[in-house]
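Chemist: Numbering (the numbering used here) for the sequence shown: 1 to 432.
By construction, these hints were calculated from the structure, which means they are not laboratory data. Among these hints, one or two may not hold up.
Each computed DSS-like pair below joins lysine-lysine, with the alpha-carbon atoms no more than 30 Å apart [as the list claims (entries may be wrong)]: (1) Lys297 with Lys39; (2) Lys54 with Lys297; (3) Lys43 with Lys297; (4) Lys407 with Lys321; (5) Lys297 with Lys321; (6) Lys45 with Lys297; (7) Lys39 with Lys54; (8) Lys54 with Lys43.
Values in this document were obtained by computation on a predicted structure and should not be read as measured data.
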Amino acid sequence: MKKQAIIISFLAITTLLIGTNLTNLPNVSFDRLQRDLEKQAAKFKDSDLHREIKQNRASRSYEIGDQETFWRWNLSVMPPTWVQTQSTCRAVGEHCYLFVANDQWNVHMDENDVETVMFYLEQETMAGDDFGAIEMDTLHFGPIPDELDNDPKLIVFYSALGSFQGSVFDGYFSVYNEVTEAEAQQMNPPGHSNECEMIYMTCYPLNPTDPVRISVLSHELQHMIHWAQDDNEDTWLNEGMSELAMVYFGMPDPISGFNSNPDNSLIVWNQQFSDYVKTMLYFTYLEEHYDDGSLIKDIVSEPLNSISGISNQLTLHETEKNFNEIFVDWTIANFLDEPETENGLFNYEELNLPNFSTVATYSNYPASGGGNINPWAAEYVRLYHGENNLHVLMEANQNIHLGVIRKGVEGIASEVDIFPVDNLLDVDLPDF
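When you get a sec, could you build the whole thing from the sequences and use the hints?
Modeler: Spelled out as structure tokens, the structure:
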């Protein structure tokens with residue numbers, strides 16, 4: 001039976017890491033600073049000094065009404081500067097304390113806001129889970145560290161994070177808080193530590209009760225959990241897991257940018273919004289199709305990084321396919337997203353994907369074309385069916401796969417064939 005069209009997908013697979021192309025946007029500088037600080041702080045983690053502090057320090061617990069002065073970043077300048085902010089504990093839950101800066105109380109955050117935030121942190125996610133965002137993250141990614149304060153609870157600190165040149169900040173995890181004040185002063189740049197597990201969140205200029213803020217909090221909490229278990233992970237994997245946290249919570253980032261330019265290497269991080277989207281899609285696909293209840297958590301704690309770490313865990317979990325094969329299936333799922341084909345192999349359950357762009361469309365034959373594709377990326381070409389078999393002759397100077405999607409009409413499943421290309425591919429596709 002004739003299909004609507006054939007989609008040729010070019011899928012580049014290689015271990016070559018191409019160079020990044022960082023811009024000078026403020027969020028880029030902020031992200032690079034964060035990753036560098038996390039690597040610096042790792043050398044202090046679990047040191048004899050930390051263990052001595054924990055052994056000799058009583059648990060630092062709080063009650064509603066307790067006052068505390070916390071160090072935080074002033075994000076209205078870049079690089080950020082340090083300020084001390086007086087705050088009050090406004091809520092205590094099973095998993096966290098919620099502090100609000102005194103100068104923001106009943107100005108940009110009030111008791112009703114605190115109740116709303118605590119509901120999502122402690123009781124229920126937007127996805128309908130009967131537990132909150134904090135427990136959700138620990139179930140999927142691992143335990144929250146308890147590096148210094150001998151208190152298992154997280155501190156969520158709301159203040160006016162402000163903006164810089166039009167860029168606003170939802171919240172952040174600062175690894176300075178995972179080291180002592182003396183160690184924080186040794187880092188580059190020197191900083192300050194509240195010596196506790198803390199997530200900073202904004203109450204101005206953004207709305208603190210918007211569910212997407214709590215989703216971002218789950219994103220940042222994953223970074224804390226990941227640092228405690230694998231402190232030198234590649235950025236693309238770490239950010240992808242944090243994006244997956246937002247999917248778990250039920251408020252994922254919107255899917256845009258990457259679908260219009262899928263020739264964007266999965267493992268290269270340029271701090272563009274499309275990079276967040278591509279990693280969110282990859283780890284959502286991996287979780288939906290291969291997580292056996294612990295795969296995602298084990299990837300987070302895996303000492304090996306990037307592709308090597310994922311591949312090792314796929315082997316340990318005895319998955320049916322390896323990293324390369326899953327990557328190919330993922331790129332096809334991005335274009336197809338169809339539950340009927342191959343028992344849902346090329347489908348997302350939790351996400352509704354927009355259309356992915358094609359780089360070329362052909363309806364008259366013979367036709368020819370050429371181009372370049374980045375490693376660990378994909379491009380799509382649409383071929384409208386003709387009257388004969390389709391003969392494909394393809395030359396490539398890198399290790400790629402050719403995916404052929406015979407797109408089905410409504411009610412009819414599509415058909416997918418995958419061909420590895422070793423320099424030259426010469427194949428006939430019948431019933432074109």
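Chemist: Now tell me, hint by hint, if it's right for this structure.
Modeler: Evaluation of the provided hints:
Straight-line distance between C-alpha atoms of Lys297 and Lys39 comes to about 21 Å, which keeps the hinted pair within the 30 Å bound. In summary, the hint linking Lys54 to Lys297 is supported, as the alpha carbons are separated by about 26 Å, within the 30 Å threshold. In summary, the hint linking Lys43 to Lys297 is supported, as the alpha carbons are separated by about 23 Å, within the 30 Å threshold. This hinted pair checks out: Lys407 and Lys321 have alpha carbons roughly 24 Å apart, not beyond 30 Å.
The suggested pairing of Lys297 with Lys321 holds, with an alpha-carbon distance near 19 Å, which does not exceed 30 Å. For the given pair, Lys45 sits about 20 Å from Lys297 by alpha-carbon distance, which is consistent with the 30 Å threshold. For the given pair, Lys39 sits about 22 Å from Lys54 by alpha-carbon distance, which is consistent with the 30 Å threshold. Straight-line distance between C-alpha atoms of Lys54 and Lys43 comes to about 17 Å, which keeps the hinted pair within the 30 Å bound.
The structure meets every hint from the earlier list without exception.
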